[in-house]
Amino acid sequence: MIEVRNLVKNYGPHKAVRGISFTVEPGKIYGFLGPNGAGKSTTMNIIAGTLAATAGTVTVNGHDVYAEPLAAKRCIGYLPEIPPLYPEMTAEEYLTFVGRAKGLSGSELAQQIEDAMDRTGTQDVRRRLIKNLSKGYKQRVGIAQAMLGDPEIIILDEPTVGLDPIQIIEIRDLIKSLGKTHTVILSSHILSEVSEVCDRVIIIARGRVVASDSLDGLRERYTSECTLELQLACPEEKAKELSGALSRVADGLTVKTEDAALTKLFLSYNGKRDIRSAVYAEVKKSGLPLLAMIPHVKTLEDIFLDLTGGDEPVPEEEPDAPFAAPSAPEGPEDPDGEEKKDEDDKDGGDGYKPLFG
Amino acid sequence: MGSVYKKELRSYFCNMQGAIFSGFLLLIAGIMTVLYNLKGLYPNFEYVLSDTGFIFLLIVPIVTMRIFAEEKHAKTDQLLYSLPLKGTDIVLGKYFAAVTVFLVPVGVMSFYPLILSLYGKVNFAAAYGALFGFILLGCALLAIGMYISSLTESQVIAAVISFGTLLLLYLMNALTSLIPSTSGASFIAFSVVAVLAGLLVWAMTKDRYAGLFTALLAESVLVFLYFKFKDSFAGLFAKVMEKLSVFERFSGFVNGIFDLTAVVYYLSIVAFCVFLCVQSVEKKRWS
Chain A
1 MIEVRNLVKN YGPHKAVRGI SFTVEPGKIY GFLGPNGAGK STTMNIIAGT LAATAGTVTV
61 NGHDVYAEPL AAKRCIGYLP EIPPLYPEMT AEEYLTFVGR AKGLSGSELA QQIEDAMDRT
121 GTQDVRRRLI KNLSKGYKQR VGIAQAMLGD PEIIILDEPT VGLDPIQIIE IRDLIKSLGK
181 THTVILSSHI LSEVSEVCDR VIIIARGRVV ASDSLDGLRE RYTSECTLEL QLACPEEKAK
241 ELSGALSRVA DGLTVKTEDA ALTKLFLSYN GKRDIRSAVY AEVKKSGLPL LAMIPHVKTL
301 EDIFLDLTGG DEPVPEEEPD APFAAPSAPE GPEDPDGEEK KDEDDKDGGD GYKPLFG
Chain B
1 MGSVYKKELR SYFCNMQGAI FSGFLLLIAG IMTVLYNLKG LYPNFEYVLS DTGFIFLLIV
61 PIVTMRIFAE EKHAKTDQLL YSLPLKGTDI VLGKYFAAVT VFLVPVGVMS FYPLILSLYG
121 KVNFAAAYGA LFGFILLGCA LLAIGMYISS LTESQVIAAV ISFGTLLLLY LMNALTSLIP
181 STSGASFIAF SVVAVLAGLL VWAMTKDRYA GLFTALLAES VLVFLYFKFK DSFAGLFAKV
241 MEKLSVFERF SGFVNGIFDL TAVVYYLSIV AFCVFLCVQS VEKKRWS
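Chains as they are written, first to last, in the numbering used here: chain A, 1 to 357; chain B, 1 to 287.
If you are wondering where the hints come from, they were derived from the structure by calculation, not from laboratory data. Positions of the beta carbon are idealized from the N, C-alpha and C atoms, including for glycine. Worth double-checking, as some hints may not be accurate.
Below 27 Å or equal to it, Euclidean Cα-Cα: the simulated DSS-like pairs (lysine-lysine) are [said to hold, decoys possible]:
hint, chain 1, residue 1, chain 2, residue 2
1, A, Lys-131, B, Lys-283
2, B, Lys-72, A, Lys-135
3, A, Lys-131, B, Lys-6
4, B, Lys-75, A, Lys-131
5, A, Lys-15, B, Lys-283
6, B, Lys-121, B, Lys-206
Covered by chain B, according to a simulated footprint, are these stretches of chain A (three or more residues, beta-carbon under 8 Å) [as the list claims (entries may be wrong)]:
hint, stretch
7, 39–50
8, 93–100
9, 161–167
Bound-form chain A, shown alone:
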């Protein structure tokens, strides 16, 4: 439906987009995800035909946006980052203008405006001047504008930025309902938004596509490697005695000594298989005092940060917000207490994110 091939855009010496390629299939909601300045808006502007690319091609329904701009634009409804509204018009006048510019007239125009207003919930404000509308309503009028002319593709650039939480939920619901009838491309730098609304995610960073997959595919691909951290109150040699038994349970194992009284074991395992109870059984058998068992699971957030962060990926073992309470009693703990601790960990807290959260 949309074919983007090797798109490049330079602003003078600055390279905003450096060779982006992706394909958009009909009938899905696409999330265009990336940190600020990654090139999201630039790419969307190029697809919508408001900006020229330095190199590369964009084809919309077989129409090249350079060779046949009008045919390509008829297939696209676009809401830029800043809703392009004329403050001195009423919502209805504005939609009439856009509808006419999209070639609608007469009863068809009136019908489409009614539909768009119904779906975006802007009927109440139709006779109010746009400059007096709240940000949420402005955004809705902007979306209504994009819906006019019944384009097959609707592109929304950061549609929820600057809205209050209730408005954000309303706009997300609206986007979901749009997704039933249109192909929607939505850009955002908020991961939770994309994971809630979109079927597929295209993550871009520093002007390049770093991942393009369905959400489940992303999770599958990047959360399969989990790490379980064990903190044992014993010297390294003793902990190593345990490692033989543990490596049968886990895929990989590394040992890290903090001091004479604390050894950390890092077990890597596939996230689809929970090894925690097996590990616990082994530790209990060895009788070594277990201070903490901390699963490090990559959330979508981590994946996002890894993919979009600095040029080197963030090291996985980085101990973030360790759970082991500094005041944890040394020496063997009774199993019930340990079980309880594990339970607490599972229930969440800052460091532990539920699997596939």
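Knowing the structure of chain A, use the given hints to seat chain B on it.
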């Protein structure tokens, strides 16, 4: 085109611009009518128009400054470019809206000769011929202002540059008379223009070789012509400038001459500026 035209027209009359434009034009035309026709007892409405022309310097920038600069500033230009509209649709829609705003006070002014004719003998042909010239002059100046507006994001800059340009055009005759009428002076003046043209091309295309090429080409043609027809260069610059002066061409209409070349001249300015404006709009889309 129709949709952009309607939208623009609305915004002129929702904002103050349309009213300010019409108000000032009618005010000055009214004062001049009182001075010449009612107090001075001249039956010539064309003199009124002749002396009203200077108000274009002030009111044309008021109307044209916002045409593109405001859209760029508010980022609403992204909407226009994402709609299935051609560059010419957008530019012509906006231009015709500006012309319509101009025609409203002119429509009111077109009754003045009729009113005057109740009290004396008015030469309608001369009066309406001059009014026609006045409309052409206004249309040309609006096109120039619109082009300047398409070059910047700031309405203030657009207004100031438009005012400066119109002022230069207004004073063009007086300025060229400063240049001595010897052939050498003419040659130097033309050379300066050639260099300026080169700089303009450089500024517009951001390509220094294109600018250099333009300047050198113009300069070499100039040198060739200068040595071939040295005598005819005497006073040539002043003559050419007079022919090119937007305001000077209007004086022919005031003097009762319906000069077809002047009509063509004004329409060419309009077409040229609209063309440049379309290029300036399209440039952002297809660099």
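For this session: Sort out which numbered hints this structure fails and list those numbers smallest first.
Result: 1, 6, 9
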